Amino acid sequence: MKKRILFTIIVILGLSIGWNIQAQSSLKKANKLFESMAYEKAIPKYMSAYKKDSTNNELVIKLADCYRLTKNNAEAEKWYGKAIKNGKAKSINYLYYAQALMSNGKYAEARKWLEEYKVAEPTDTRTERLIKAIDNINGYAEDSQNFKVEMVNINSQFTDFGAVEFKDGIIFVSARDRNQAISRTHSWTGEKFLALYKASGKGVTFSTPQLFEKSIQTILNDGPLCVAKSGDEMYITTNNIEEGKTRRSNNGIVKLKVYKYKFIENEWAFADTIPPNNDQYNVAHASLSEDGSKLFFSSDMPGGFGGMDIYVMDKKANSWDTPVNLGPQINTAGNEIFPFIKSDGTLYFSSNGHEGLGGLDIYSTQNKNGAWSDVKNLMAPMNSKEDDFSLVFNKDGQSGYMSSNRSSSIYTKTT
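Quick note, the sequence shown lines up with residues -7 to 407 if you use the working numbering.
Among the clues, some could well be false.
Stated by the list, open to error - Mimicking SDA-like on lysine to any residue, the simulated pairs with C-alpha atoms at most 25 Å apart in a straight line are: (1) 221 x 128; (2) 307 x 325; (3) 110 x 128.
Stated by the list, open to error - Pairwise CB distance ranges, derived in the manner of DEER restraints: (4) 61 x 237: 20 to 30 Å; (5) 135 x 321: 36 to 46 Å; (6) 310 x 78: 55 to 65 Å.
Quick caveat, the hints were computed from the structure, so don't treat them as lab data. Model, not experiment: these values are computed from the prediction. All C-beta atoms, glycine included, are put in the ideal place defined by N, C-alpha and C.
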């Protein structure tokens, strides 16, 4: 009997050791994917490791991070909640949990965790702004009556965003299938790489989208873009590829850069890079002023306030002057992205660090006597508890396009 008991114990221990080895193997693979920003691919690996070892809080937090970074707010809330319940969460996880709760419309519970984060990180200015937003949530959620938002007819089941007026229609960004011989998938999102498409039409009704200018698009992400008033110049955000080869940062990441293209001899061609472009950080989402004298963009270059900040460069002869950070009035410890400078000088941008309904909201500000005014949340229906971003006005200044995760992406906006 004793031998039988001993044999049983050995078998159980052997199974336990085997499961632990398998869990560690899955976790190692998952972490490698996470470090390379392959968040969508990392999720099943972390889930596999979790099923074998549910006590490992590191992988619980990494799962939550993956869901946050792939915009799955329901799962992000679930896994940050588990990490916090386990009592081993980092202070930043309180903020991420609160933001997920806000995006899921659970404002009272989100406020509780923002208060916890405030105690842990009293210098983070996002906390007070988000608490203030929750306390005034009914005001933000009430229809401002300033905007009418309608869905455009060309949205797909994939990511579609960043529409800009162009000639007889629009150019926009999409992750729909390009019908390439070799189909490439972005490991961050699990979708195809972004490409630029053109569709003829106006308002909310457009023809079937066609791939825009294949010759200037890469095998990785292309877009969004801005077009100069003249119509013969554009600035495109794309992954860091030069002479057909990807260039990586010191930590192995292919960053974003902005490139200038000109319409020459009846075709679009590469014209120039812009000075802030760098292999070590992102430069993205360019917006050119109507007179072409200023270029706004978003970047996580060193010296900012955290995350992505908005910068501006002045035209200097045939080049650009040193980029200037727009400062703490606009930039926060969160992300400020998708700037758009309107013809009247109003700057629109998206942020998850200012007062809002949840996720990214769209804001406006004006430069008065060299200083930017207090940012204004555009409220509902422009903003929602989901991500709202990439507002671009048409030439008439009264209509345009914005994008949102509330449903399909591209919307038209009228005042």
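To see whether the hints hold, each was checked on the structure:
With a CA separation close to 39 Å, the supplied pair residue 221 and residue 128 exceeds the 25 Å bound. Restraint check: the Cα-Cα separation between residue 307 and residue 325 comes to about 28 Å, which exceeds 25 Å; the hinted pair is violated. Proximity of residue 110 to residue 128 is assessed by CA-CA distance (about 18 Å); at most 25 Å being required, the pair is judged to hold. With their beta carbons about 26 Å apart, residue 61 and residue 237 fall inside the hinted range of 20 to 30 Å.
Between residue 135 and residue 321 the beta carbon distance is about 27 Å. The supplied range of 36 to 46 Å is therefore violated. Range check, residue 310 to residue 78: Cβ separation about 58 Å, and the 55 to 65 Å hint holds.
In the structure shown, a violation is registered for the earlier hints numbered 1, 2, 5, in ascending order.
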